[in-house]
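Visitor: Listed below are the residues making up each chain.
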Amino acid sequence: MYAFDGGHNTRQASHEALRQIRQQLTRHPLIARVEGLPHETLHKELRAEVDPTAIGTATPRGTLTVRWFVSNPTDPVRFTFHYSDESGFDCGWHHHEQDHVDGWGHYQQRQQDAEEYVYEEFQFGSKEPARVVWEILEELQTIVQSA
Amino acid sequence: MDDARGVEAWKEHTTAFDRVRSIVEALDQARTAQYIATEAAVSETTANNHLKRLAEMNVIRTVAGEDATRYEPDPLYVRFRTLRELIANHDHEQLLELRADLQQQIKDTKTQHGVDSPTELRTRATDTETATETMELIEAASDWELSLYQLSIVDDAIDNYGEYAAIDGRAHA
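Same order as they appear, the protein sequences are chains A and B.
The letter at position 55 of the first sequence is residue 55 when you use this note's numbering, and the numbering goes up by one with no holes.
The letter at position 115 of the second sequence is residue 1115 when you use this note's numbering, and the numbering goes up by one with no holes.
Mixed in with the good hints, there may be bad ones.
No farther apart than 25 Å at their CA atoms in a straight line, the calculated lysine-lysine pairs in the DSS-like style are these [to be verified]: (1) Lys127(A) / Lys1110(B); (2) Lys1011(B) / Lys1052(B); (3) Lys127(A) / Lys1052(B).
So these bits of chain B aren't anywhere near chain A, every CB distance computed over 10 Å [what the hints assert, rightly or not]: (4) Ala1009; (5) Gln1034; (6) His1092; (7) Thr1111; (8) Val1115; (9) Ser1147; (10) Ile1158; (11) Ile1167.
Keep in mind that the hints were calculated from the coordinates and are not lab data.
C-beta: ideal position from N, C-alpha, C; glycine also.
The following block holds chain A by itself, in its conformation from the complex (with noise of 0.2 Å):
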């Protein structure tokens, strides 16, 4: 059994996800690059360059920022992805405790970095990594296409 003991299985689970999401993240068009850290292949964190031009946009280039953590099977896993552009417009797509909407998935958004953030309830269609990629990476294309 692909054991939960609070301990080696659940942090190999986190290594996993996040590598399996860095391959997705490659394979979308609207991504350019994407960086590993602290570490290119031991990471915690991936930071991945949208560039709007690639589909024909031509808002500003921006960031995405994942983070993902696995617990164990009785507690969800979290989650966040969070995008920022040179506009200084960020929003992002999270699972986790917070206290702004019901339940854990939301989604937030800020025109600039001095104002406050807006939120509203967001439910993820699916909470495996490579699914999870692929739906907010659609969001984020219908935002980066209106804008």
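Once you've looked at the hints, dock chain B against the given chain A.
Guide: Frame of chain A, contents of chain B only:
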């Protein structure tokens, strides 16, 4: 499932095998072929065929369930893949630096939170006043656990560098 957000684009840019593999390799618990087929947007027959191949390649392994066979990533395969990437892209000196970085990250977290283990930090996360504080502690505990896992692989790479590098056809540093 096919009309779920992002699935059409996913299918356009990947094969059925890619999708099955991407789902099963990142599972955090053993799942049935039916679950994997739904998540990968393929038929159950297709999922079964690809899962069988992946199991034969030792990428994944099977677990007998009460109702149906379940599949999960093979922990040894996963570990050796990371080990292989480390050996291929680092010399011995760089691996020692990586180990020092990971040890420092763990030491910093211990000092910052005044606890001796990620488990202790997770326990503390259950007794906070705000959701933000809970999430910060969970993040710190998860990063700590990830550092411990990564450190164990780097230790393996360092301890056996000569042998692994020779197998890989690299000069010893």
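Visitor: Hint by hint, say whether it matches the structure.
Guide: Evaluation of the provided hints:
1. With a C-alpha separation of about 31 Å, the suggested pair Lys127(A) and Lys1110(B) falls outside the 25 Å cut-off, and the hint is violated.
2. As the CA atoms of Lys1011(B) and Lys1052(B) are separated by approximately 21 Å, the hinted pair is consistent with the 25 Å bound.
3. Restraint check for Lys127(A) and Lys1052(B): satisfied, since their Cα atoms lie roughly 24 Å apart, inside the 25 Å limit.
4. Not every beta carbon of chain A lies more than 10 Å from that of Ala1009(B), the smallest distance being close to 6 Å; the non-interface claim is violated.
5. The claim that Gln1034(B) is not at the interface with chain A holds, since no C-beta of that chain comes within 10 Å of its own (minimum 14 Å).
6. Every CB of chain A lies more than 10 Å from the CB of His1092(B), the least distance being 16 Å, so the non-interface label holds.
7. Even its closest Cβ contact with chain A, about 18 Å, leaves Thr1111(B) beyond 10 Å, as expected for a residue assigned away from the interface.
8. The beta carbon of Val1115(B) sits about 15 Å from the closest Cβ of chain A, which is more than 10 Å, so the claim that it is off the interface holds.
9. The beta carbon of Ser1147(B) sits about 8 Å from the closest Cβ of chain A, which is not more than 10 Å, so the claim that it is off the interface is violated.
10. At the 10 Å boundary, the C-beta of Ile1158(B) stays outside the reach of chain A, the nearest C-beta of that chain being 13 Å off.
11. The beta carbon of Ile1167(B) is kept farther than 10 Å from every beta carbon of chain A, the shortest such distance being approximately 18 Å.
Taken one by one, the earlier hints fail for this structure at numbers 1, 4, 9, listed in ascending order.
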